[in-house]
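According to the working numbering, the sequence shown is numbered sequentially starting from 166.
Keep in mind that the hints were calculated from the coordinates and are not lab data.
This structure is a prediction, so every number in the text was calculated from the model and none was measured.
No residue lacks a Cβ here, since even glycine has one placed at the ideal position from N, Cα and C.
Honestly, I wouldn't trust all of these hints.
So the derived label-pair ranges between C-beta atoms look like this [as the list claims (entries may be wrong)]:
1) Val345 x Asn371: 25 to 35 Å
2) Trp518 x Thr422: 23 to 33 Å
3) Gly303 x Asp348: 17 to 27 Å
4) Asp296 x Asn371: 45 to 55 Å
5) Thr424 x Glu248: 39 to 49 Å
6) Thr549 x Pro224: 17 to 27 Å
7) Gly477 x Gly249: 37 to 47 Å
8) Ala473 x Asp277: 32 to 42 Å
9) Gly249 x Thr424: 20 to 30 Å
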Amino acid sequence: MTKPVDTLVEIPPPEVPPAGTNWWGLSVVSLAMIAGVVVFASATSPRIPTFEWGPHTGPPEVNLDSLVATDDGFAMLSGMTAEGVVLWTSVDGSGWKSQPLSAAPSQLASIDEGLFAYSVLQGRMIERVGDRWIEAPGVTNFPDEIRARQSSGRPSIIGFGGGMLAMSLFGDVWWSADRVEFDEVVTDPGWGPGSEVELAFDSMCNPPSRTSPDVPPVVETDAGLLALISRNPAEPFGLWPVCEPRVWLSSDGATWTATESTLEGGAYVYDLAVREGVINAVGGYGIGQSAAWTSSDGVNWEPMTQPAVDAGIDLYAIEADSAGWVILGRQTEGSGTVGWTSVDGVCWEELPWQVGGLATAIGDEHLLILDRTSYPEIWRASVTGGSGSCR
166 MTKPVDTLVE
176 IPPPEVPPAG
186 TNWWGLSVVS
196 LAMIAGVVVF
206 ASATSPRIPT
216 FEWGPHTGPP
226 EVNLDSLVAT
236 DDGFAMLSGM
246 TAEGVVLWTS
256 VDGSGWKSQP
266 LSAAPSQLAS
276 IDEGLFAYSV
286 LQGRMIERVG
296 DRWIEAPGVT
306 NFPDEIRARQ
316 SSGRPSIIGF
326 GGGMLAMSLF
336 GDVWWSADRV
346 EFDEVVTDPG
356 WGPGSEVELA
366 FDSMCNPPSR
376 TSPDVPPVVE
386 TDAGLLALIS
396 RNPAEPFGLW
406 PVCEPRVWLS
416 SDGATWTATE
426 STLEGGAYVY
436 DLAVREGVIN
446 AVGGYGIGQS
456 AAWTSSDGVN
466 WEPMTQPAVD
476 AGIDLYAIEA
486 DSAGWVILGR
496 QTEGSGTVGW
506 TSVDGVCWEE
516 LPWQVGGLAT
526 AIGDEHLLIL
536 DRTSYPEIWR
546 ASVTGGSGSC
556 R
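Start from the sequences and build out the full structure, keeping to the hints where you can.
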């Protein structure tokens with residue numbers, strides 16, 4: 166990357182005015198020249214970046230996954246080790262502490278002020294006690310149809326209003342008010358086609374891949390829960406991404422209502438996130454034809470004018486939390502990753518070229534991106550105080 170060169174502007178000294186010159190007019194001209202220089206300097210001076218990125222060596226495990234933000238930092242899981250599965254936690258994404266977990270959880274979800282570690286059939290709450298995370302004594306047993314690991318990396322278990330939502334790949338949804346007993350609240354084909362994922366496709370939707378099992382994207386908004394489900398019965402439920410989605414809404418996790426959305430015309434959505442009343446989604450209209458949309462209610466969507474994404478890029482993930490927003494994607498041809506950050510979800514800055522990865526978590530003052538291709542490497546961003554404004 167070529168380092169930008171500062172522009173040097175030389176302003177010649179004013180000529181000595183002849184006798185009889187209007188000194189008042191000359192003063193006005195001089196002030197105008199000074200103001201012009203100030204404006205020019207302001208326009209050409211580099212803007213303070215919103216986030217400052219730096220590499221950090223992660224925990225000494227080859228297989229790290231399920232990176233999430235906690236109420237006071239970050240957490241992720243190792244693969245199976247001699248100690249079993251290890252929980253790694255950090256306050257700032259720099260120094261990490263470890264502790265083994267019982268059973269063999271493969272996924273983490275942030276619920277309330279704690280963590281929920283789970284596998285296919287059961288899970289357990291982990292609560293912060295002093296400087297340690299302590300596993301709660303009770304175990305949550307899931308319905309047999311639950312799938313714990315998704316291609317997108319997002320959890321199939323979502324905490325909401327003191328309860329818990331659990332989803333399967335076949336369009337079934339369970340709700341637990343006490344996180345112990347589950348009631349089936351959406352029965353296939355209440356949403357989804359009610360078939361295996363081998364169903365033939367019959368729509369204008371043409372994403373880069375349609376073979377990855379996944380649950381639908383679900384987020385918590387000010388009004389409750391919002392899920393995106395394919396409106397086309399010929400599109401198999403449980404694939405990543407969601408093609409031509411319909412919006413389903415729930416205020417309590419138990420009762421769901423279908424609402425038409427404006428995401429049609431072959432649009433597909435890989436992921437969505439919400440922060441301070443802004444709902445953003447990423448996806449596209451075809452291979453290498455990425456797109457992003459924004460909404461205030463989840464029903465009416467408009468294309469986002471930023472970030473400006475070149476052709477040949479596919480957007481896969483979007484995350485939002487206290488410190489801001491992150492969008493991640495990769496090159497359609499090749500293994501290179503790209504991304505953008507934002508403070509408000511409207512104005513976006515491109516990630517430095519060396520920062521890469523497709524797993525991200527956002528805390529109060531830091532952003533993390535986990536690069537699984539190294540051994541492993543964690544990119545950490547600190548808020549620098551830049552406004553991040555493009556207006």
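So, going through the hints one by one against the coordinates:
1. Val345 x Asn371: 25 to 35 Å: violated (43 Å)
2. Trp518 x Thr422: 23 to 33 Å: The hint (23 to 33 Å, Cβ to Cβ) is violated, given that tryptophan 518 and threonine 422 are roughly 45 Å apart.
3. Gly303 x Asp348: 17 to 27 Å: holds (18 Å)
4. Asp296 x Asn371: 45 to 55 Å: holds (50 Å)
5. Thr424 x Glu248: 39 to 49 Å: Holds - the Cβ-Cβ distance for threonine 424 and glutamate 248, about 47 Å, lies within 39 to 49 Å.
6. Thr549 x Pro224: 17 to 27 Å: holds (26 Å)
7. Gly477 x Gly249: 37 to 47 Å: The hint (37 to 47 Å, Cβ to Cβ) holds, given that glycine 477 and glycine 249 are roughly 42 Å apart.
8. Ala473 x Asp277: 32 to 42 Å: Between alanine 473 and aspartate 277, where Cβ atoms are some 38 Å apart, the hint holds.
9. Gly249 x Thr424: 20 to 30 Å: Once the Cβ atoms are compared, 44 Å apart, the range 20 to 30 Å for threonine 424 and glycine 249 is violated.
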